[in-house]
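Undergrad: Its first residue numbered 90, the sequence shown is counted upward by one per residue in the numbering used here.
Hint data in this document are derived by calculation from the structure and do not stem from the laboratory.
For glycine and all other residues, C-beta sits at the position ideal for the given N, C-alpha and C.
Among the hints, a few may not be true.
What the hints assert, rightly or not - For lysine to aspartate or glutamate, the following DMTMM-like pairs were computed, each having C-alpha atoms within a straight-line distance of at most 25 Å:
(1) 181 / 225
(2) 451 / 350
(3) 101 / 233
As the list claims (entries may be wrong) - Computed Cβ-Cβ distance ranges for the label pairs, DEER-style:
(4) 278 / 128: 33 to 43 Å
(5) 278 / 168: 28 to 38 Å
(6) 232 / 379: 41 to 51 Å
(7) 219 / 150: 22 to 32 Å
(8) 439 / 188: 32 to 42 Å
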Amino acid sequence: MQYRTLGRLNVKVSALGFGTMRLPTLGGVDARIDEAQASEMMAYAFDHGVNYVDTAYPYHGGASEIFVGKVLSQGYREKVFLATKMPTWAVKEAADFDRLLDEQLQRLQTDHFDFYLLHCLHAGIWLRLREMGVREWMERAKNDGRFRYAGFSFHDSTEALRQILDDYDWPLCQIQYNYMNEDFQAGTEGLRYAVAKGVAVVIMEPLQGGGLAQLPEPAQRLLDESGCGRTPADLALQWLWNKPEVSLVLSGMSNLQQVRENVASAAHSGVGTLTQAELDLVGKLLKAFEGLRPIPCTQCRYCMPCPHGVDIPLNFRLYNDAKGYGPNSSLLSRNIYHMLPAAVRSSACEDCGECEPKCPQKIEIPAWHRRAHKEFAGQ
Numbered sequence: 090m091q092y093r094t095l096g097r098l099n100v101k102v103s104a105l106g107f108g109t110m111r112l113p114t115l116g117g118v119d120a121r122i123d124e125a126q127a128s129e130m131m132a133y134a135f136d137h138g139v140n141y142v143d144t145a146y147p148y149h150g151g152a153s154e155i156f157v158g159k160v161l162s163q164g165y166r167e168k169v170f171l172a173t174k175m176p177t178w179a180v181k182e183a184a185d186f187d188r189l190l191d192e193q194l195q196r197l198q199t200d201h202f203d204f205y206l207l208h209c210l211h212a213g214i215w216l217r218l219r220e221m222g223v224r225e226w227m228e229r230a231k232n233d234g235r236f237r238y239a240g241f242s243f244h245d246s247t248e249a250l251r252q253i254l255d256d257y258d259w260p261l262c263q264i265q266y267n268y269m270n271e272d273f274q275a276g277t278e279g280l281r282y283a284v285a286k287g288v289a290v291v292i293m294e295p296l297q298g299g300g301l302a303q304l305p306e307p308a309q310r311l312l313d314e315s316g317c318g319r320t321p322a323d324l325a326l327q328w329l330w331n332k333p334e335v336s337l338v339l340s341g342m343s344n345l346q347q348v349r350e351n352v353a354s355a356a357h358s359g360v361g362t363l364t365q366a367e368l369d370l371v372g373k374l375l376k377a378f379e380g381l382r383p384i385p386c387t388q389c390r391y392c393m394p395c396p397h398g399v400d401i402p403l404n405f406r407l408y409n410d411a412k413g414y415g416p417n418s419s420l421l422s423r424n425i426y427h428m429l430p431a432a433v434r435s436s437a438c439e440d441c442g443e444c445e446p447k448c449p450q451k452i453e454i455p456a457w458h459r460r461a462h463k464e465f466a467g468q
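Please construct the entire structure, taking both the sequences and the accompanying hints into account.
TA: Listed below in structure tokens is the structure:
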């Protein structure tokens, strides 16, 4: 395993961090984690040098923190840096800061977090929390030992990132970033701005919700013809590790094979290790992707549950697959769509708009539902 220094902190973390948003489940139920399989995955990662684990209050319907706490209690807590996130949308008054933190400490069976992040921060939420005194509260919580370092995860514009970074002495931030997102949300400009201020940058969605791990045919053909010998996931991860600004890359792995492959990839990572030919290949892949996956959905499920029962991420996944993976996939997506209960299809969207403010990607969700249903209904 390769290790990197977290910004200005005297902390060495593994190049790969274990994200716990996409653990394997039983019966396809998000809140029913397959604990036997997930425990094996995490043990393998930790035993092979991964020393950073990331979770959050809402992951797996609240089950992720509880499960991670169980695994860490089996002799791993002192071997890893533990990060979790405050559900900022659940903060209604200043007293909620302590209430939520203490609840999460109990869930994770620990007396402190190494990193405690404000979840899904954007400009509006930051202003609201700041008015409630969150900056002063973070200092108190650090001083009383409940967490070592504060931070935030971020889904907004580069300008908003600058404003938040300038408003508090942050040691760490977490941004969505991959070779398809250089000009999206924080982007490369935001990454460099954070690093210039001495802020450690943790990367989430390095594979664009899995979209960069299974390439559409035109992109896969380019990769095969390049002769570089890398898998799609390895190339995407190495593109990030190639950058000196990146402190840590989180991967939300769903099976043991993904863990094995990502650990092996991290062991061969390093700044400046990609050849110019491989960097040029990434540019070609980016062009091949343009227009193939029209909805920038990462399957994070922040939009769920829909008050009308629509499975938003599933419908968008089917639509993107239909548009990005060729005629056979289009037919398969249409068949799956019509096999779904009518209540969960895009056609059941009531255009209430409740989901849109929750979407980190700022997707115009009702409008895309109309397009998806038109596609699958053959209208």
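Undergrad: So, for every hint listed, does it hold in this structure?
TA: Structure-based check of all given hints:
{"no.": "1", "hint": "181 / 225", "result": "holds, 17 Å"}
{"no.": "2", "hint": "451 / 350", "result": "violated, 32 Å"}
{"no.": "3", "hint": "101 / 233", "result": "holds, 24 Å"}
{"no.": "4", "hint": "278 / 128: 33 to 43 Å", "result": "holds, 40 Å"}
{"no.": "5", "hint": "278 / 168: 28 to 38 Å", "result": "holds, 36 Å"}
{"no.": "6", "hint": "232 / 379: 41 to 51 Å", "result": "holds, 49 Å"}
{"no.": "7", "hint": "219 / 150: 22 to 32 Å", "result": "holds, 29 Å"}
{"no.": "8", "hint": "439 / 188: 32 to 42 Å", "result": "holds, 33 Å"}
This entry does not satisfy hint 2, going by the numbered hints stated previously; all others are met.
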